[in-house]
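**Student:** In case you want the letters, here they are:
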Amino acid sequence: MNAFLLRRLAQAIPTLFGISLLSFMLMLATPGDPITTITFRPSNDPGAAQTLRRQLGLDQPPLVQYVYWLIGNDWTMIDVDGDGEGDVYGTRRGVLRGDFGQSIQLKRPVLEVIGERIPATLLLSVPSILLGYFVGIVIGMLAALNHQRLLDQATRVLSVVGNAIPSFWLGLMLILIFSVNLNLLPMSGMRDITQRNAGFNLLDSLPYMIMPVTVFALGIVSVVSRYTRVQILEALAQDYVRTARAKGLSDRMVWLIHVLRNALIPIVTLLGVSIGFLLSGAVIIEQVFSWPGLGRLVIEAVSQRDYPVIMGSVIISAVMYILGLMISDLLYGLVDPRIQL
Amino acid sequence: MNPHIQLCCGERFSELELLTHVDEVKHMTASVGSSGEAVSKSKVVRLEAAQSRSLWAEALLHIRRDRLTLLAIFMLVMLTLACVFLPPLIEQALGVSATRTNVADRYRPPGFGNYILGTDNLGRDQFTRLLYGGRVSLGVAYGASVMSITIGVVVGMLAGYYRGLIDDLVNWFITTLSSIPTIFLLILVSVIFSPTPEVLIILLGLLGWITTCRLVRGEVLGLKERDFVVAAHSLGAPTHRIMLQHILPNVISLVIVTLTIDAGSLILIESGLSFLGLGVRPPTPSWGNMLTDARTYLATGQHLIIWPGIMIFATVLCFFLVGDGLRDAFDPRKVRSAK
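Protein chains in written order, with my numbering: chain D, 8 to 348; chain G, 2 to 340.
Quick caveat, the hints were computed from the structure, so don't treat them as lab data. Since we're looking at a predicted model, the values are computed, not measured. Possibly wrong hints are sitting among the right ones.
Unchecked claim - Here are some of the chain D residues that sit facing chain G, going by a computed Cβ distance under 8 Å:
1) S30
2) G169
3) M180
4) L240
5) A244
6) I329
Stated by the list, open to error - Sample of chain G residues with no beta-carbon within 12 Å of chain D, all distances over it, derived:
7) S55
8) I74
9) I91
10) Q93
11) S98
12) R101
13) P111
14) Y162
15) P198
16) G219
17) S235
18) I253
19) R296
What the hints assert, rightly or not - Taking beta-carbon pairs under 8 Å as the criterion, some of the chain G residues facing chain D (in silico):
20) V147
21) I181
22) L269
23) L299
Built from N, CA and C at the ideal position, the CB exists for glycine as well.
Construct all of the structure, not just a fragment, from the sequences and the given hints.
**Tutor:** This is the structure in structure tokens:
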């Protein structure tokens with residue numbers, strides 16, 4: 008098990024390197040410069056902008072910027088006043104040492120800025136994934152039980168429709184129906200709650216969660232129900248099910264012991280993959296419902312050209328995704344004893 | 002003498018394969034000997050070989066019986082034609098405009114005057130705007146899906162056929178690219194390029210080939226070991242001939258299905274990006290960016306929220322239904338059971 012974990016971690020290193028390189032190159036290609044958005048007013052001193060540029064290392068060639076960003080610049084002198092000589096040591100410690108830099112707009116460490124948005128995103132995605140999987144598995148099971156009958160057909164329709172419906176439009180329609188026309192649920196305002204109470208109060212947040220979680224979960228239900236249905240139908244066709252029936256086992260026992268256990272193995276690994284999407288699965292839904300999560304942070308950062316925040320978010324969500332894949336492999340080994348890790 | 006292989010190869014059955022095929026039948030008939038059962042088996046096999054239709058004929062036959070898929074194809078064709086030809090005609094006939102702003106006629110409900118689906122916040126006719134938006138959304142979907150499929154097939158075939166260094170590099174690239182959540186990647190890229198619809202096609206095409214590539218690579222890995230490829234190889238057929246004549250025809254059905262599903266997903270992706278304000282930018286209408294300001298229409302113009310979404314939903318649904326239908330039609334197992 009440990010050797011397996013180590014091997015998987017080692018495999019992740021080139022991928023992570025590629026991700027950092029790719030997101031850095033994309034960042035460099037971005038038009039617009041964070042300094043210009045800060046020093047937009049003409050009354051500001053252009054010299055100060057130059058100094059700031061040098062302090063942030065934005066005057067360096069791309070490769071140097073990448074190295075500084077990766078391993079920090081506290082081992083080298085920075086030329087702040089532009090006379091060609093180093094003046095002070097750099098202060099950055101680099102991503103590899105847990106320093107994702109400062110947000111240019113918010114002037115706070117990126118990790119801190121991202122960290123305070125993650126709970127809101129998890130508050131949306133964890134219940135959605137749990138609910139989505141639960142409902143999806145139940146519907147998939149019912150469909151398989153009623154194979155080629157009405158419920159089965161209905162499930163297939165639901166899954167195609169659920170896949171084809173754009174989540175942002177579904178969200179808007181729910182807002183239109185339940186907030187505007189029926190006036191039952193708040194259409195947004197989650198941000199107020201997170202700011203007003205320092206602590207988190209489930210009862211207060213629940214009304215705000217209903218619509219976004221429904222939209223998010225529906226997407227998951229349509230995938231999981233279809234998958235569950237196929238898996239169960241495949242398990243039902245296996246020889247061991249016929250054998251179990253032949254030896255006189257009751258239908259219920261066949262289902263519980265043979266069919267479900269085998270059909271759920273791939274679904275558990277699918278769940279592992281979903282864990283990887285915990286941080287990044289809800290960007291558009293967050294936007295529709297003005298949910299104060301990581302997705303909105305990224306969209307805001309994009310419009311403000313806040314490079315460090317964008318790169319930090321991309322890297323962290325990518326790491327989460329890779330972790331999800333690893334967890335998925337581990338789960339596979341746990342639920343299926345035939346797999347040796 | 003495997004009907005499965007035969008169906009997979011379809012019309013493109015090369016001469017060589019036909020030869021080995023006939024040989025096999027002869028061989029079987031010759032080796033039958035005294036066993037009556039074997040004789041009848043070989044007869045059945047020969048009959049099947051004589052009667053079997055090509056993959057394409059089978060698929061066509063299947064589709065013609067599949068009313069839902071036919072309906073979806075019909076809808077898509079009509080929608081595409083409508084988006085391409087109708088808007089200028091309607092503008093002329095009804096005297097409305099998709100671009101001219103008209104403050105007096107803001108937020109008109111559907112059916113008001115000549116406005117079939119009402120007007121938007123600037124007094125532009127929504128119906129023609131939807132059709133113009135369809136040009137963009139469908140154009141991006143068609144263009145980007147064709148482009149990503151082409152890249153995916155070429156890279157997938159090369160990686161699957163040559164293995165080695167190319168395969169490793171492609172794998173590393175795919176793993177890296179697919180480890181960045183798609184939505185973040187798209188946000189990054191569209192911020193950088195502030196895309197026009199044409200650039201958006203290229204970007205989505207360049208980012209979308211991974212799934213196809215994986216599928217094709219997997220198929221090619223299997224096909225490479227199959228007898229007809231090995232035989233062609235040992236007869237000295239050049240690589241490009243093996244790739245184009247023997248391998249490509251066998252992945253083409255997979256490619257067509259993926260293409261259809263891809264086009265649907267691309268409409269969802271494009272409209273999502275445009276909704277976020279990162280895809281197609283106003284004043285060019287697209288179904289997604291018509292919804293960007295939807296929250297401000299909640300009180301005044303609910304028809305402005307409902308219709309663009311219905312267009313997206315209906316189109317994507319049609320693409321997915323066609324994709325599902327084609328998958329069934331190309332599935333050799335399904336074809337046999339339908340006989």
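**Student:** Now look at each hint and say whether the structure bears it out.
**Tutor:** Hints and how they fare:
The criterion of a C-beta within 8 Å of any C-beta in chain G is met by D:S30, whose closest approach is roughly 7 Å, and the hint holds. Annotation: interface hint on D:G169 violated; nearest CB of chain G at approximately 10 Å, more than 8 Å. Contact between D:M180 and chain G, as hinted, is supported at the beta carbon level, the nearest pair being about 7 Å apart and thus within 8 Å. Among the interface hints, the one on D:L240 is violated; its C-beta lies about 14 Å from the nearest C-beta in chain G, farther than the 8 Å criterion.
At its closest, the beta carbon of D:A244 sits 13 Å from a beta carbon of chain G; the interface hint therefore is violated under the 8 Å criterion. Checking D:I329 against chain G: minimum C-beta separation of about 6 Å stays under 8 Å; hint holds. The beta carbon of G:S55 is kept farther than 12 Å from every beta carbon of chain D, the shortest such distance being approximately 29 Å. Distance check on G:I74: its Cβ is at least 15 Å (rounded) from any Cβ of chain D, clearing the 12 Å threshold; non-interface status holds.
The Cβ of G:I91 sits about 24 Å from the closest Cβ of chain D, beyond the 12 Å cut-off, so the non-interface label holds. Residue placement check: G:Q93 keeps its beta carbon more than 12 Å from all beta carbons of chain D (closest about 31 Å). The Cβ of G:S98 lies farther than 12 Å from every Cβ of chain D, with a closest approach of about 26 Å, so its non-interface assignment holds. Taking the minimum C-beta to C-beta distance to chain D, about 27 Å, the non-interface status of G:R101 holds against the 12 Å cut.
Every CB of chain D is more than 12 Å from the CB of G:P111 (nearest about 15 Å), matching its label as outside the interface. No beta-carbon of chain D is positioned within 12 Å of the beta-carbon of G:Y162; the least distance is around 24 Å. Listed as outside the interface, G:P198 is consistent with that label: its C-beta sits roughly 18 Å from the nearest C-beta of chain D, beyond the 12 Å cut-off. Every CB of chain D lies more than 12 Å from the CB of G:G219, the least distance being 17 Å, so the non-interface label holds.
For G:S235, the non-interface assignment is confirmed: its Cβ lies about 37 Å from the closest Cβ of chain D, beyond the 12 Å cut-off. With a least CB separation of 24 Å from chain D, G:I253 remains clear of the 12 Å interface cut-off, as annotated. A Cβ of chain D approaches the Cβ of G:R296 within 12 Å, the least distance being about 8 Å, so the stated non-interface status is violated. The beta carbon of G:V147 comes no nearer than 21 Å to any beta carbon in chain D, farther than 8 Å, and the hint placing it at the interface is violated.
The criterion of a C-beta within 8 Å of any C-beta in chain D is met by G:I181, whose closest approach is roughly 5 Å, and the hint holds. A distance limit of 8 Å between C-beta atoms decides the matter here; for G:L269 the minimum to chain D is near 6 Å, and the interface restraint holds. Against a cut-off of 8 Å between C-beta atoms, the interface hint on G:L299 holds, since the closest Cβ of chain D lies about 5 Å away.
Taken one by one, the earlier hints fail for this structure at numbers 2, 4, 5, 19 and 20, listed in ascending order.
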